[in-house]
Amino acid sequence: MSGFKDYDQYDGLGLAELVHKKEVKPIELVEEAIQRIERLNPQINAVIYKMYDQAREIAEGELPDGPFPGVPFLLKDILALHAGVPTSAGSRFFKDFVPDHDSELVRRFKAAGLVILGKTNVPEMGLLPVTEPELFGPTRNPWDLQRTPGGSSGGAAAAVAARMVPIAHGNDGGGSIRIPASCCGLFGLKPTRGRNPLGPDIGEAWYGLTCEHVLTLSVRDSAAMLDATAGPDVGAPYYAPPPSRPFLEEVETDPGKLRIAFTAKPFLGDTVHEDCIRGLEATVLLCKDLGHELIEAAPEVDRKAFSEAFLTLVAVDLRATIEAAEAVLGRKATAKDFEPGTWALALLGGHIPAPKFSAALRVLQWAARQISRFFEEYDVLLTPTLAAPPLPIGALQPDPVEALAIKALGKLYAGRLLDLAGGIASAAERAFTFVPYTPLANVTGQPAMSVPLYWNDEGLPIGMHFMGRFGDEATLFRLAGQLERARPWFDRRPPTATL
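Under the working numbering, the first residue of the sequence shown is numbered 198, with each subsequent residue one higher.
Bear in mind the hints are in silico, worked out from the structure with no lab data behind them.
Values in this document were obtained by computation on a predicted structure and should not be read as measured data.
Hints are not guaranteed to be accurate.
[Claimed, not checked] Calculated pairs, SDA-like style, for lysine to any residue (alpha carbon to alpha carbon, straight line, at most 20 Å):
no.	residue 1	residue 2
1	K247	V295
2	K222	R253
3	K218	D203
4	K529	G547
5	K462	D472
6	K485	R682
7	K218	E257
8	K462	A565
9	K247	G200
10	K222	P261
11	K202	I231
12	K462	D499
13	K307	G211
14	K247	K307
15	K247	H298
16	K529	A517
17	K501	Q567
18	K292	L526
19	K533	E331
20	K292	M248
21	K222	D203
22	K454	E478
23	K485	A683
24	K292	G334
25	K454	I492
26	K222	Q251
27	K485	E574
28	K292	E331
29	K222	E257
30	K219	E254
31	K529	V295
32	K247	I224
33	K533	R289
34	K292	A517
35	K247	G281
36	K222	L260
[As the list claims (entries may be wrong)] Computed beta-carbon distance windows for the label pairs:
no.	residue 1	residue 2	range
37	G547	K218	55 to 65 Å
38	T468	K529	38 to 48 Å
39	E214	G428	18 to 28 Å
40	E214	A551	47 to 57 Å
Just so you know, even glycine gets a beta-carbon here, dropped at the ideal spot from N, CA and C.
Could you build all of it, start to finish, from the sequences and the hints given here?
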């Protein structure tokens, strides 16, 4: 069967409306998405597992009465489990792991009417802000194939930017929805902590830092999807304040005059590319023109303490995840199962003393209180999403000296291990230099979004980052809808999407 040739002229809700009106069949949408994936994926490497037969069967059957009936969709290959489909997390150790059940979020995606076509590429264990796993190779940015789409939801972002699908699943532990949204010219919202479910297998990921949601072409798709998936599952450790009305209604609601703080100051880095500063300046003017009050101000963040505490939590969680997986998979993990940096970080996590781990939690909890207090004076904090335009592929790979240090870490034990952790620390510092803004919202649990409001002279997208109060996605959706109407981006397409 042929596809629907005007497929890429619509967002997810637009396609769903055509299905509701019986102007197009779900199978036509699925066939068009499959054709686009087959045509574009060899260049981009966004989709790593294909579920075409299952998708066709679902599209031909009776779909749930949800907001997105028949709309093609892709899952990120980490956290969200799908029965009968591998979940590799970009790692050799997990490549043969096939769950026998769906996660609660996947069940809600299906209940929304989405048709899942496959799974998207991720950096190993979702650790990096670029998507270059050894297992599947790098995903490339549709705007420039020599550049990264960001990470860790890089495969998802590249697929949506290339118009393979209008919506794709992502998750965000330090910016992993917002980073690739910025790199690929998409809308990406990290919801409030606890807004979307992580169960039934996981209570929390990265000790509350990680949230689930999607990357979209339009603001309204993100809002409608959150309406469809939000709410705690049984036994959830966190509970987000329930919204007063559907998020979709907020997109068309005037936000009123907001008090918006803005800064280009990088919280976890030293420098910001001039293109990102230009984007911020243009966005400040746009927000002023829309009637908002803009004040240059920023919360204080202890960069060194914050970065070290963040890395400590990630290292310990990584080690615990691998040990739990050993029991499920029935075998011990070895250095050959992981990339050198991942393995070294896991070993480091296994030798961090309990008092140091507890101290790291306290550092981040204190930082969260300080940052949240800032929002007693301001409705929104505006910054660039990233400190630079999309990086060239390979830019965050360790230099030769760091690579040797990381490999050495994998062969050491306790005392020497902690002494030589500098190779990992310097690699982490390089990553934070690229993403000096986004981790703050993960630590506080506040909602934050990257909005595609600027393109540089090379035609590369540069997102602007808006962080709201805890539980207040409503204000962000109102503001995002207003910005989208004032400076539309839907018709800006990467060169690859038109091939």
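For each hint, the structure was consulted:
A threshold of 20 Å between alpha carbons decides the hint, and for K247 with V295 the separation of about 14 Å falls inside it, so the pair holds. This hinted pair checks out: K222 and R253 have alpha carbons roughly 11 Å apart, not beyond 20 Å. About 16 Å separates the Cα atoms of K218 and D203, which keeps this hinted pair within 20 Å; it holds. Proposed proximity of K529 and G547 is supported: the alpha carbons are some 15 Å apart, at most 20 Å.
For a cut-off of 20 Å, the pair hint linking K462 to D472 stands: about 14 Å separates their Cα positions. Between K485 and R682, the direct Cα distance comes to roughly 15 Å. Compliance with the 20 Å bound is thereby established for this hinted pair. Distance restraint check for K218 and E257: the Cα-Cα separation of roughly 17 Å lies within the 20 Å cut-off, and the hinted pair is therefore satisfied. For the proposed pair K462 and A565, the alpha carbon gap of about 18 Å is at most 20 Å, so the pair holds.
For the hint pairing K247 with G200, the CA-to-CA distance comes to about 18 Å; that is within 20 Å, so the pair holds. Only pairs whose Cα atoms come within 20 Å are accepted, and K222 paired with P261 is accepted, the gap being roughly 14 Å. Distance check on the hinted pair: K202 and I231 sit about 12 Å apart at the alpha-carbon level, within 20 Å; holds. The straight-line distance between the Cα atoms of K462 and D499 is roughly 13 Å, inside the 20 Å bound, and the hint therefore holds.
Restraint check for K307 and G211: the C-alpha separation of about 18 Å stays at or below 20 Å, so the hint holds. Between K247 and K307, the direct Cα distance comes to roughly 17 Å. Compliance with the 20 Å bound is thereby established for this hinted pair. Taken as a hint, the K247 and H298 pair is honoured in the structure, with Cα atoms around 18 Å apart against an allowance of 20 Å. Using a Cα cut-off of 20 Å, the hinted pair K529 and A517 holds, with the two alpha carbons roughly 13 Å apart.
The straight-line distance between the Cα atoms of K501 and Q567 is roughly 16 Å, inside the 20 Å bound, and the hint therefore holds. With a C-alpha separation of about 11 Å, the suggested pairing of K292 with L526 holds against the 20 Å cut-off. Between K533 and E331 the alpha-carbon distance is near 12 Å, which keeps this suggested pair within the 20 Å criterion. Note on K292 and M248: the hinted pairing holds, with a Cα-Cα distance of about 16 Å set against a maximum of 20 Å.
Only pairs whose Cα atoms come within 20 Å are accepted, and K222 paired with D203 is accepted, the gap being roughly 13 Å. Restraint check: the Cα-Cα separation between K454 and E478 comes to about 19 Å, which is no more than 20 Å; the hinted pair holds. Simply put, K485 and A683 have alpha-carbon atoms about 12 Å apart, close enough for the 20 Å limit, and the pair holds. Proximity of K292 to G334 is assessed by CA-CA distance (about 14 Å); at most 20 Å being required, the pair is judged to hold.
Under the criterion of a C-alpha separation no larger than 20 Å, the hint pairing K454 with I492 is consistent with the structure, at around 13 Å. Distance check on the hinted pair: K222 and Q251 sit about 16 Å apart at the alpha-carbon level, within 20 Å; holds. About 18 Å separates the Cα atoms of K485 and E574, which keeps this hinted pair within 20 Å; it holds. This hinted pair checks out: K292 and E331 have alpha carbons roughly 12 Å apart, not beyond 20 Å.
Proximity of K222 to E257 is assessed by CA-CA distance (about 9 Å); at most 20 Å being required, the pair is judged to hold. Restraint check for K219 and E254: the C-alpha separation of about 18 Å stays at or below 20 Å, so the hint holds. Taking the CA atoms of K529 and V295, the gap is near 18 Å; set against the 20 Å cutoff, the hint holds. Simply put, K247 and I224 have alpha-carbon atoms about 16 Å apart, close enough for the 20 Å limit, and the pair holds.
Straight-line distance between C-alpha atoms of K533 and R289 comes to about 8 Å, which keeps the hinted pair within the 20 Å bound. Using a Cα cut-off of 20 Å, the hinted pair K292 and A517 holds, with the two alpha carbons roughly 18 Å apart. Simply put, K247 and G281 have alpha-carbon atoms about 12 Å apart, close enough for the 20 Å limit, and the pair holds. A threshold of 20 Å between alpha carbons decides the hint, and for K222 with L260 the separation of about 11 Å falls inside it, so the pair holds.
At roughly 57 Å, the beta-carbon separation of G547 and K218 lies within the given 55 to 65 Å, and the hint holds. A hinted range of 38 to 48 Å holds for the C-beta pair T468 and K529, which are about 43 Å apart. A hinted range of 18 to 28 Å holds for the C-beta pair E214 and G428, which are about 25 Å apart. The hinted range of 47 to 57 Å is satisfied by E214 and A551, whose Cβ atoms lie roughly 54 Å apart.
In summary, this structure violates none of the numbered hints.
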